[in-house]
Amino acid sequence: MIAGETQGTQAEGGDCLLVTSISAVPAVRDWPQPGDPLDPAAAISVRGLVKRYGDFVAVDGLDLDIRRGEIFALLGPNGAGKTTTVEICEGYRKPDAGEVRVLGEDPSDGGRRWKAQLGIVLQSGAGDSQLTCRELLQAQASYYPDPRDADEVLALVGLTEKAKSRAKTLSGGQRRRLDVALGIVGRPTLLFLDEPTTGFDPEARRQFWSLIRSLRELGTTMLLTTHYLDEAEALADRVGVIARGRLIEVAVPSVLGDRETAPAVVSWTEDGVRRRAETSTPTAFVRDLAGRFDGEVPDLAVARPTLEDVYLRMIGDPS
Amino acid sequence: MTTTARPEVALPSLVSVYRTRARVELKEFFRQRESVVFTLLFPVILLGVFGAVLNYDIGGGVTFTQYFMVGIIAAGILGASLQNMAISIATERSDGTLKSLVGTPMPKSAYFVGKIAQVLTVTLLILVILLAVGVFAYGVDLPSGSDWFTFAWVATLGSAACTLLGISVSSLAKNGRSASAMVTPIALVLQFISGVFFQFSQVPTWMQTIAAFFPLKWMAQGLRSVFLPDFLAAQEPAGGWELGRVALVLGLWCLAGLALCVATFRWQDRAAG
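As they're listed, the protein sequences go chains E and L. Counting in our numbering, the first sequence runs from 5 upward without gaps. Counting in our numbering, the second sequence runs from 603 upward without gaps.
One chain only, chain E, in its complex shape (with noise of 0.2 Å):
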């Protein structure tokens, strides 16, 4: 009972503080700005990232904190420059220019015991192999200083039935749960996740979203990209948008782009036509066409602008 209490107070508070974020201070940015020192306590701090392809400019001076604890999606479309953020932030790739630090080092100078507090779940995947299961965990497992066990990760991404199964013989989706589990064998403080479910179905996405909120709850510091906006609504602490190279806003998930202020669209029929009106007052709004019908509205919708609506907006007018 205690436990719920508590979890009741933290939600309003959550409440409380979005409350706040938009009605007093809609001008406050929840991310740094140019010319921001490092943030030295943020599990990732990046200022300036530049990094170009040839004359593709693919990050575009990019500014960045992710928190300790927090799990963060960085949403865009293809080629906005995801991967490339992630994988300078890994230690992959070299910035041209700007500064990274991850878990308080220099990325391109990190070594085996900075790796060692890292989780990567590659875009491209963990690579074939003749091993099981099981025996690749291990093996990943045998490389880190205090490692989880094998078989307690293949319970988590519910592969526990495949540990002697070849991982070539796996499916797409328990691939994916294979390159997860890979990622989190050696127990990382901070996992980065690369489009981890795409090629799921829906059932599986599901069932990955809830291994994510039980790495949480362990106090993993996540990473995630996504092209999918339902994945960083349901996920993520903070959204991040990145188009172009840029990150065009962060925000949490349920006020991106000013969604909650966003006026809401009322629909209804009257005289057998579809009408529909804009309103930043719905319930004045549904009251009034209510006593007008005296009775029920025929086919009454109230649409509040849906995350994919807000973003393709964001990202089809970057400013």
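Keep in mind the hints are simulated off the structure, nothing from the lab. Note that the coordinates shown come from a computational prediction; the quantities given were computed from them, not determined experimentally. Glycine included, each C-beta is placed from N, C-alpha and C at the ideal position. Treat the hints with care, as some may be off.
A few chain E residues facing chain L, derived, Cβ under 8 Å [unchecked claim]:
1) Ala-130
2) Tyr-147
3) Tyr-148
4) Asp-153
5) Gly-190
DSS-like, lysine-lysine: derived pairs with alpha carbons at most 30 Å apart [to be verified]:
6) L:Lys-710 with E:Lys-172
7) L:Lys-629 with E:Lys-166
8) E:Lys-98 with L:Lys-710
9) L:Lys-776 with L:Lys-710
10) E:Lys-98 with L:Lys-629
Dock chain L against chain E, hints included.
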């Protein structure tokens, strides 16, 4: 919620990671039917076919089959090292295995230690199989006395040179299939001009000259000194076994291969995503 720093736990020792990688590489090799058949059985099949067809006397009671067995041992070492490394590393680079390994705290040296363990095991196995076939089916004598020593250093130096070359060559290929398409014909041509399928003395001089730039010719020559009677040394281009030069050329190839590896080895595909 434990976001505070964990107490420092020691990283696993190099030896324990080396042991893991050796186990992984052996399983990867022996569980892949194509690699086992291609690398281990193909030389034996060739030996059986050629031995049946070309069992003539090349002089002094030595049959071509005996000559050919020596060549096949050299070709077997080439397959277990150069071809095996070029194809398997190109495959692992293109499918992301290498990239994900380098993202773990595994010491990079462990990857190469694992590969070397694989090459050593496969090479030893090939040698045992081919020697057994040679001794029981074709009346080849096992080396005696100091010949064992020559056998050991020729096989080791040759295998080391070809392993390093294979690792370098893997960087030229886009994936395992293209590595195979590239390295298999090269190996085959080298085998034809280096005295594996024909007696080296019957290969045209200009081809002998080309062959002399590559390690296979010298491996085969060194092995002939071990398994064939010494009067056949007169048939060699220089009229002798030239063991000093065998050691020199193979040693130089080891150095060149090492330099190439250091200069060209990549953990990820070049293509930027």
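Status of each hint after checking the structure:
1. Ala-130: holds (4 Å)
2. Tyr-147: It holds, given that the least Cβ distance between Tyr-147 of chain E and chain L is near 4 Å, below 8 Å.
3. Tyr-148: holds (6 Å)
4. Asp-153: Violated: closest Cβ of chain L sits about 15 Å from Asp-153 of chain E, beyond 8 Å.
5. Gly-190: Holds, about 7 Å.
6. L:Lys-710 with E:Lys-172: Holds, because 24 Å separates the two Cα atoms, which is no more than 30 Å.
7. L:Lys-629 with E:Lys-166: Roughly 18 Å between the alpha carbons, so the hint for Lys-629 of chain L and Lys-166 of chain E holds.
8. E:Lys-98 with L:Lys-710: Measuring from Cα to Cα gives roughly 19 Å; hence the hint holds.
9. L:Lys-776 with L:Lys-710: holds (22 Å)
10. E:Lys-98 with L:Lys-629: violated (34 Å)
Of the numbered hints given earlier, the model fails hints 4 and 10; all others are met.
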